[in-house]
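Chains L and D are the protein sequences, given in the same order.
If you read the first sequence in the numbering used here, its first letter stands for residue 1, the second for the next number, and so on.
If you read the second sequence in the numbering used here, its first letter stands for residue 1, the second for the next number, and so on.
Calculated directly from the structure, the hints in this document are not laboratory data.
It is possible that some hints are incorrect.
As the list claims (entries may be wrong) - In silico lysine to any residue, SDA-like type, Cα no more than 20 angstroms apart, as pairs:
#, chain 1, residue 1, chain 2, residue 2
1, D, 313, L, 40
2, D, 313, L, 150
3, D, 351, L, 34
4, D, 313, L, 37
5, D, 313, L, 148
6, D, 351, L, 36
7, D, 351, L, 141
8, D, 88, D, 63
9, D, 351, L, 33
10, D, 313, L, 43
11, D, 351, L, 37
12, D, 298, D, 73
Claimed, not checked - The calculated label-pair distances, taken between Cβ atoms and stated as ranges, are:
#, chain 1, residue 1, chain 2, residue 2, range
13, D, 380, L, 123, 18 to 28 angstroms
14, L, 101, D, 199, 44 to 54 angstroms
15, L, 145, D, 185, 44 to 54 angstroms
16, D, 297, L, 37, 46 to 56 angstroms
17, D, 367, L, 150, 53 to 63 angstroms
18, D, 239, L, 101, 32 to 42 angstroms
None of the values given here were measured: they were computed from a predicted structure.
C-beta: ideal position from N, C-alpha, C; glycine also.
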Amino acid sequence: MTVGTTPSRWRAGRVAVVLVLVGVAGVTAGCGNSTDDRPPTWSFVSTAILQPNCATANCHSAIAQRASVDLSTRSSGYSSLVGRHFVITRASVAVDGGAPLVTDDQRVERSQVINLMHAQGNLRMPPDMPLPETDIQLVASWIRAGAEND
Amino acid sequence: MSVRLLQRAVQDRRTSGLAAFALLALLLFASRDAAAFPQFQFSSGTTRCGQCHFAPAGTGLISEWGRGEAGDTISRGGDGAFLHGLWKPPSWVALGGDFRLASLANATGGPESPELVTFPMQADAYAHFVFPEGFSLNLIVGDRGIVRPTDDSIGGRITSATDRFISREHYLMWRPSATGPYARVGRYFPVYGLRLVEHIFYNRRFTGNGLYEEPYALSGGYIAEDWEVHASGFTAVPSSFPDFFQSIGYKESGGTAYGEMRFAGMAALAVQGRVGIADEEARYQGGADAKVWFDPAKLMFLGEADVIRQQIKGSIGQTQFVSFTGLTFMPIRGLMGTLAYERYQEDLNVKNTGHNAYDLEINFFPWAHIEVLGLGRIQHNGDGSNATLGMLQFHYYL
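Looking at chain L on its own, in the form it has when it is part of the complex (with noise of 0.2 angstroms):
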């Protein structure tokens, strides 16, 4: 190999410099507020939680749709979720003398989506990376506000 000359490792240098400030970046970019504030609504839930980290090659993308599972769109997630009753909506629970027989909490506890993304084993979901607890509140936070397609 031929060594370059000293100018150009100087310059190479400053690459290396680069590369450690995005190391640096890397480790300090885990700020934030410790409150979430983002919306509980599915149009936020579904584009930025679960279609990155659900609807992969493997499992529920359109072309792979595991369990009859869609979650890569907005409408296709919400029939598959809904429909299948891996989440329960507040307008599907009945009601008795006007009051729901399921509270909006009872009915985060039944959802199955949110059960799957607490399990351990081979049940979790996702299966290769766990979602944050963040994450996942945030999607109960949905369920409990009604789980509407909103």
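Fit chain D to the supplied structure of chain L, relying on the hints for placement.
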């Protein structure tokens, strides 16, 4: 707009401003290195990705030069030519193939862990048809790798081998010489990022370069000895296309730009940008890549950092960060080990939405055409949850 959303919007603007400043600082710092230097080899004696691959910036079928390098400098020996040199295709076509068999141990916690699976990861056939005046037609046809065989009890669309056929790439290219201008149109990844092999790495997965995300694109560029530029417009595979062509990911249309400088035969620095607009969201992203090869120590540093602004239609936006920082050691010919740290933060405004990954990858090339790969990967989220992956992979290329 509620007070909460208003506060959020202000935070978004602050974060976007900080991110833009950081990106600008990185680009400005990098631009000071924008000088031409003689072209020397990096680790393998080759400096341009397009020397070893038919594609102008690498990936896909390797060229005759690349096959020579595979036998002479990358592996422990052997003949890297097609069919190990037993038969040479006519001059108007180049052929090849990639076949991978992988075993995974995925530790997810709980009594069933670790999950153990062995599966065919890749089976792709390549063809490069040569036409006069620098034109060529490039095709990849293969089988979608399936990690977990479809279980009838859980269903799924992919139920037979024929369902899994896919053409990840098919494009027409005009590239009259190794250096100079080129153009191509068809399906392929527009040039962006480090272009690492492992599709699970965050800097591929979350920048629009994940597995089977290849869009249709129209690109042009110029390749010089010590720099190159690439610009592309792209659009997602239409949903109406047959499964054979279908892609994964956000159905975006947009453009990319990538510029790379090489220094002293031992370093490269690139800046990049990408805009992708879909029905449900839009992403604006930019970043930088760098590589430095220290030949005496047989070490290569490589890194990539991207800032992504995702604007979600009908909702708010979020600013994300993705990075890869790696150190590769090549103690002897045919063996290399890489230690890497990856970072992906879904939303810079929200704590504990970060993902960290620590990787150790060992690649052994005992003979031309053969690679044995071991990968250990620990992922650790900001909230304390984690996952561990071990992979052993056998790779044969034709």
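For each hint, the structure was consulted:
no.	hint	result
1	D:313 with L:40	holds, 14 angstroms
2	D:313 with L:150	holds, 12 angstroms
3	D:351 with L:34	holds, 5 angstroms
4	D:313 with L:37	holds, 17 angstroms
5	D:313 with L:148	holds, 17 angstroms
6	D:351 with L:36	holds, 8 angstroms
7	D:351 with L:141	holds, 17 angstroms
8	D:88 with D:63	holds, 13 angstroms
9	D:351 with L:33	holds, 5 angstroms
10	D:313 with L:43	holds, 8 angstroms
11	D:351 with L:37	holds, 11 angstroms
12	D:298 with D:73	holds, 13 angstroms
13	D:380 with L:123: 18 to 28 angstroms	holds, 21 angstroms
14	L:101 with D:199: 44 to 54 angstroms	holds, 46 angstroms
15	L:145 with D:185: 44 to 54 angstroms	holds, 47 angstroms
16	D:297 with L:37: 46 to 56 angstroms	holds, 48 angstroms
17	D:367 with L:150: 53 to 63 angstroms	holds, 58 angstroms
18	D:239 with L:101: 32 to 42 angstroms	holds, 40 angstroms
In terms of the numbered hints stated before, the structure departs from none.
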